[in-house]
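Chemist: Single-letter residue listing:
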Amino acid sequence: MASFIQLLVSGLATGAIYALIAVGFTLLWQTSQTINFAQGEFVMLPAFFILAAMNAGAPFWLASLIGIILAVVILGLLFKIVIVDPMLRYGVLPLVISTIALSLFLRESAKDLYSSQAQPFPALVPATDIHFLGAVISTQSLVVLAVAIATIVALHLLLNKTRLGRAMQATAQNPTLALILGVPVRRMVLYTFLINAVLVAIASILVSPIYLAKFSNGETLGTAAFIAAIIGGFNQVRGAILGGVILGVLDNLSAAYLSSQYRGAFPLLILIAIILLRPQGLLGRSAERTV
Amino acid sequence: MNRLGAATVVAAAIFAIGAPFFLKPFGIFLISMWAVQTIAAMGLNLTLGYAGQVSLAQGAFVGIGAYTVAMLTQGGFPFALAFVAAGGLCFVIGWILGYPALRVQHHYLAFVTLAFTTLVFLVLRNEEWLTNGIYGINGVARPAFFGWSTRGALDFYFFSLGTLAALSGATWWMLRSPWGRAFVALRENPIRALSLGLDTRRYTLMAFAIGSSLGGLSGGLYAPLVQFIEPGSFALGMSFNLLLMVIVGGSGYFFGPFIGALIAVLLPEWLRITQGYYLIVYAGLVMAMMAFCPSGILGLIDRTLKLATRSGRTAPVLGPEGIGP
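Here the protein sequences line up with chains E and V, keeping their order. Residue 222 in our numbering sits at position 222 of the first sequence; the count goes up by one each step and never skips. Residue 437 in our numbering sits at position 146 of the second sequence; the count goes up by one each step and never skips.
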């Protein structure tokens, strides 16, 4: 029981990180039909921005801020203008290929320009343990959970309680109608790219102390985000959250109780099962087919 | 296909036959690798270029084919049988894999095949009793036919080239048969194909399964070419590479994969001056190409020729309309 609680909490923490990444992923899909195959690399990269800033002498908080700002400029603004915008007119497929190439580009750049070795990354809090019902729970997991929940709540408030957020939702649901009603659709689409950049930067800060900052992290994280988004439902923010949490918890539990060798396989089996049985995802609305 | 296209193909074939006599052993290995990878890329082109589906599993199918041939030949079965088994097995697996994915929206095949590639890698790595795990399979023998041994580099190259010629001939014939015209219809106008009564979903599935079996056949040559196979070679990286080959060459163009594979095999050698930065440069080039010319190199040539002729009639070289009626 004690070990179950431990695994559950650390699973929830991992799941919360997956959820952040998956939410950004679905936001891009909803507003601009961008399937970002480089999303995992987007999470890998900000950690290196932060490490570079710290090497230049900045304290951790300042470096994190610089990392987030750089992420917004490079992974949000530049990604939108340089990669996505010229491609949109060609449809979904070339953009998919281009983001696949981008993931390769970012991974190799981090490897060649920074280091191919895994880099230690400072944690938000010192590693201490809390004893609860006989289980040992690391404060780090709890802080990760708290930050992730706070981020999601903030995003939820932004999307549902502000005029800006509702304009963004309108853009996602029906861009033509939104445009007629006076919503600056292009700017709204840009905002979702910026929000995605902030989300991946936060995820990067949360995940890097656990996995270490390594150029190859993106592959696992990106795949996890795709799977989370599909499990929960591609067209729903709360679907992505649910998918991320399910994935994180199942990943930890199956590694402990079933087989650690096939740890990576369980999410994939769930993915195939979901696609077979409920292709719109657990919470997704079945989208009308474009002919 | 018009006269210019035919002349180009004949010249390329003569070049492919003559080239190895002027090359060192490593050069012969490279062009053998080109022939082998072209088969896999040609299969992927059916999926991507004709059915418009992104598959990230072609590397996994190459792996399945390579392991099938390696294990069967080491178990004492003749190469020809193992080779056919590799293609057949991949056809069946492709069908089973594509069936659920193609029932739903278009981008799902990309994710399912991504998951599949990782699963195949895990099985190859973990099931040591079957695949020898991370140690891989060593000493895969090159086949001999009626006294002709392909053990030498040059012999194996001609064997690979001959197989490539036979398979591309078969694919060409298939695309020109009344039945295969459906694939062209899929590419040209899926909605029209649907309204003309074609079961587009079944044809998409068929394209994927045939493409997968070509991947398996390519793996059947890959194993005896490199003679040592291990799970890591068939991870996601290979699937990405094959996908980029098809795109760079020109997806939907019959000869696109030939050019894409040639570039993917030769470019690392040419870009050796850039040292470790090769992949960065390559990825950058692909992104630039997608932004300016998403139809690949053949698409670019096609467009240039059209501009050059300036006549009202378009002059397709080797591309989309080249295979049409």
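Treat the hints loosely; a few may be bogus.
[Said to hold, decoys possible] Some but not every residue of chain E turned toward chain V, in silico, with C-beta under 8 angstroms:
no.: 1; residue: 97
no.: 2; residue: 112
no.: 3; residue: 274
no.: 4; residue: 275
Please keep in mind that the hints were generated in silico from the structure rather than gathered at the bench. Glycine included, each C-beta is placed from N, C-alpha and C at the ideal position.
Chemist: Now tell me if each hint is right for this structure.
Modeler: Hint by hint, here is what the structure shows:
no.: 1; hint: 97; verdict: 5 angstroms, holds
no.: 2; hint: 112; verdict: 5 angstroms, holds
no.: 3; hint: 274; verdict: 10 angstroms, violated
no.: 4; hint: 275; verdict: 6 angstroms, holds
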